[in-house]
Structure formats: structure tokens, C-alpha cells
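Line by line, the protein sequences give chains B and L.
Letter by letter, the first sequence follows residues 5 to 117 of the working numbering.
Letter by letter, the second sequence follows residues 140 to 254 of the working numbering.
If you are wondering where the hints come from, they were derived from the structure by calculation, not from laboratory data.
Since the structure is predicted, the reported quantities are computational estimates derived from the model, not experimental observations.
A hint or two may mislead.
[Stated by the list, open to error] Under the rule of at most 20 Å between Cα atoms (straight-line distance), these lysine to aspartate or glutamate pairs were calculated in the DMTMM-like manner:
no. : chain 1 : residue 1 : chain 2 : residue 2
1   : L       : K209      : L       : D169
2   : L       : K210      : L       : D193
3   : B       : K60       : B       : E19
4   : B       : K60       : L       : E163
5   : B       : K30       : L       : D198
6   : B       : K74       : B       : D87
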Amino acid sequence: SQQGEEDPQALSIQEGENATMNCSYKTSINNLQWYRQNSGRGLVHLILIRSNEREKHSGRLRVTLDTSKKSSSLLITASRAADTASYFCATDTGLGGANNLFFGTGTRLTVIP
Amino acid sequence: DGGITQSPKYLFRKEGQNVTLSCEQNLNHDAMYWYRQDPGQGLRLIYYSQIVNDFQKGDIAEGYSVSREKKESFPLTVTSAQKNPTAFYLCASSRGLAGPYNEQFFGPGTRLTVL
Chain B
5 SQQGEEDPQA LSIQEGENAT MNCSYKTSIN NLQWYRQNSG RGLVHLILIR
55 SNEREKHSGR LRVTLDTSKK SSSLLITASR AADTASYFCA TDTGLGGANN
105 LFFGTGTRLT VIP
Chain L
140 DGGITQSPKY LFRKEGQNVT LSCEQNLNHD AMYWYRQDPG QGLRLIYYSQ
190 IVNDFQKGDI AEGYSVSREK KESFPLTVTS AQKNPTAFYL CASSRGLAGP
240 YNEQFFGPGT RLTVL
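Isolated chain B (complex conformation) (with noise of 0.2 Å):
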């Protein structure tokens, strides 16, 4: 399977706390993507790294790439409850079709007030 595989699977931390969720994939990409999804709801776009950068920043996003391992980490600084939610990441090969994305599976996140 081409899909990656988020670490851990589930997280408890508390509010203020740092929550830090990594990926690993397997074949050569273009880009990887990190998306987040509340219960229920559809996923919602948070960042893209090209497969030449190894860190990006979004707000408290601090993204990672290292394409020599196959892994991305995603930093959530200062977390608040509202950031509980599934957060995964997702990799253009460029395979399939243009703009195909393969899906992790998921790290779900509980942010405890």
C-alpha cells in the first residue's frame, strides 16, 4: 500500500501543552499534506510541504520533512481544546492520477482543558 501510517494512533495531552504527530510513507513524493477532521465532518486542508523543504510553519503549525527516513512530523504548539480532533497526513506521488493524495490513517488528538 502506498498509504502512509500516522504514530501515534490516539493522543491525550493537556491544554498548553505541545502535541507532536508523525507520519511515514513509502514510495517518492511530490508533496505531503496535513489535514485535520473533526468528528464527524468533513477534512480540512492545514499545510503542505514540498518534497525540497524540511520545515514549515503555519500559526502554531511547525511542519517536518525528511525525505531520506520517509517521515513528516506535525508540531501543534500551546495546543487549546479546540484542537482535538483526527489529524492526517496525506502524499502526492504523483501516481494515479494527477492530484491523487493517499490517505494515513489517522492520529486522533484529545486536547483535555
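Place chain L on chain B using the hints.
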């Protein structure tokens, strides 16, 4: 308001019936996608379309059919041939250009339950 909509939000089907899930977007996107999500799982691609009047099978197309007669619309039919259709179905769209512009925009989803 630009966006992507799905209807209905909840759908119940008796075994042996076909049902059609609606997906509409007003983002002027060329590409549209249908995914299936099972509890605790990631998204699996059912069908995708890169342009009007063209669509391709994804990883789990058996028991499903689609059409793309208009740029804005990409309905999914779940046929009686789909053995285990109970799931959460998500529609998405993207600009359709390869490279750094392939962020996907998702609809709110349709939860299908077979009775």
C-alpha cells in the same frame, strides 16, 4: 460563498437498493474525488475525475459508479453490488494542476447506513 456541498448528510438504504450521493462544488475546480472512510480508518479513493466527461477508478471502485456531466457535479451511486456499503463518504475537489496546487477541499460528508 465558495465551497463544496454534499447531500444528504445521513442516508439509510435497504439491502438491494441503489442510492445516489450528491456532490456539488462552486470553486471552479477541474478535479473531483470520492472517498470512503470506515471507523478508525483513513480515506480510501473510490473514483476520481480530472475533467468533465472523464473519470477513473480508484482503489475500491467495485460496487460504485459515478458520472461527471458538469464541472460542478460529481454524483456517486452506491449499487447493490457493493457488499458492505455502510460508511462515511467524502467528496473533494482540487484545481486539477499537478505540483504545489493540489490541495483538496472536502465536503461535509454523507453517512450511509444499510438497514
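Here's how the hints hold up against the structure:
1. Annotation: proposed proximity of K209/L to D169/L holds, straight-line Cα distance about 10 Å (limit 20 Å).
2. For the proposed pair K210/L and D193/L, the alpha carbon gap of about 10 Å is at most 20 Å, so the pair holds.
3. The hinted pair formed by K60/B and E19/B fails the criterion: a straight-line CA distance of about 23 Å is larger than 20 Å.
4. Distance restraint check for K60/B and E163/L: the Cα-Cα separation of roughly 32 Å exceeds the 20 Å cut-off, and the hinted pair is therefore not satisfied.
5. Pair hint K30/B plus D198/L holds up; C-alpha atoms about 17 Å apart against a cutoff of 20 Å.
6. Restraint check: the Cα-Cα separation between K74/B and D87/B comes to about 26 Å, which exceeds 20 Å; the hinted pair is violated.
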